[in-house]
Amino acid sequence: MHADSLTFIFLNAAIVNNFVLALFLGICPFLGVSAKLKTAVSMGFATTLVMLISSICAYAINSLLVAYDMEFLRLISYIAVIASAVQLVEMSMKKFSPALFRALGIFLPLITTNCAILGLALFQTAKEYNFVQSVSYALGAGAGFILALVLMAGLREKLELAEVPSVSQGAALSLMLAGILSLAFMGFAGLGAQ
Amino acid sequence: MAGRKRDDTITADTFLEGIWRENPVFVMLLGMCPVLAVTNSVMNAIAMGVATTFVLIGSSTLVSLLRNVIPKQVRIATYIVIIATFVTIVDYIIQAISLDLYNALGAFIQLIVVNCIILGRAEAFASKNRPLKSVVSGLGMGTGFTIALLCLGSVRELLGSGTLLGFSVFGAQFEPWVVMILPPGGFFVLGAWLLLFNWLRERKARLELKEETVHAR
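Protein chains in written order, with our numbering: chain A, 1 to 194; chain B, 1 to 217.
If you're looking for bench data, these hints aren't it; they were derived computationally from the structure.
Hints should not be assumed to be uniformly reliable.
[As the list claims (entries may be wrong)] No more than 27 Å apart at the CA atoms, straight line, and that leaves these computed lysine-lysine pairs for DSSO-like:
1) A:Lys38 - A:Lys95
2) A:Lys127 - A:Lys36
3) A:Lys95 - B:Lys72
4) B:Lys210 - B:Lys128
5) A:Lys127 - A:Lys38
6) B:Lys204 - A:Lys94
Owing to the predicted nature of the structure, the values given are computational and were not obtained by experimental measurement.
Starting from the given sequences, assemble the full structure and let the hints guide the process.
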């Protein structure tokens, strides 16, 4: 597989350099909404949608900024685009699925401050992907985010039934779990490139 | 706002609560991404902590100064633009000071924009308080964040490469636990610190309970 083929970019973002478990992006929602499988899946899809929209917008903005030689505005314009994309997803979700909107609660507006999304926009710029590659990268990152969230939620739902010492309840145990998951994902490390 | 009595006094507690009682990392579990990602060495941890503290103080000051001007509906967007401005400044400063450090921290300098601690402080504290108080509180939060980063960074560098700030600690025959500087190590070490703090908190609660029952007799 070529390092710039679309399949490679997709798999690299989804599995080898998984955004959550290998690059530490998007840890807040990863720990915050992974208590129930159902909310985890919908959060994953909402995030993927925002990733896709902001990746496309970021590509357009970057070509504009480079053309006018104003790269120092990159960060500010990216974050503005992401905030508007989140607002869009939030409004459409409120209209089409109020139940889901309530279930995701505070975590929906917090997608804006999900570093996975800004990270995606910054990485695709740094790697100088073209438009199609950027879309593939965004989809791969989204798939990887969903995968990590679903794995974690599945584990935590089972863990609810287990009796653990009271000191290790809550975040400490989730982090240990995440560590073991991340250890498993390191097995893929040889497959891809940075 | 007008007419309500405001507490403008700055006490030691304004500074100290960010370090211990409301430590952003260990108590509130905010800003986890940089905490896990850049703590594979002490130097990275210090740089990240200082950069975040600078952005925190800068944005707190500006948000606090403009708190009566910013319309309520667009406040979050305004805060983010203010934060992004300070992050761009830090980004260029670090690039100018040390390119090695810049490369080691990677995208995480720019990702300070989306660090929930900073937006959280702007929304919850700076938008309601006088500039000076916001700065003191921001400094406390930043220090608490830096201490947390140091806690992780020192353990990970010590076990993962057998060094501290680049100086060898255990000598040449030490076999480093490479996993500690890799991603899983970040999760494990933070989990272990949280376990330790939970244990301390439970122990304190137990002791207090014991004391109360003794007094009751």
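Consistency of the hints with the structure:
1. A hinted pair counts as satisfied when its Cα atoms are at most 27 Å apart, and Lys38 of chain A with Lys95 of chain A qualifies at roughly 19 Å.
2. At roughly 35 Å between alpha-carbon atoms, Lys127 of chain A and Lys36 of chain A are farther apart than 27 Å, so this suggested pair is violated.
3. A C-alpha spacing of about 23 Å is found between Lys95 of chain A and Lys72 of chain B, which places the hinted pair at or below 27 Å, so the restraint holds.
4. Distance hint between Lys210 of chain B and Lys128 of chain B is unfulfilled; the C-alpha atoms sit about 40 Å from each other, more than 27 Å.
5. As the CA atoms of Lys127 of chain A and Lys38 of chain A are separated by approximately 34 Å, the hinted pair breaks the 27 Å bound.
6. Under the criterion of a C-alpha separation no larger than 27 Å, the hint pairing Lys204 of chain B with Lys94 of chain A is inconsistent with the structure, at around 45 Å.
Figure legend: structure checked against the earlier numbered hints; hints not met, in rising order: 2, 4, 5 and 6.
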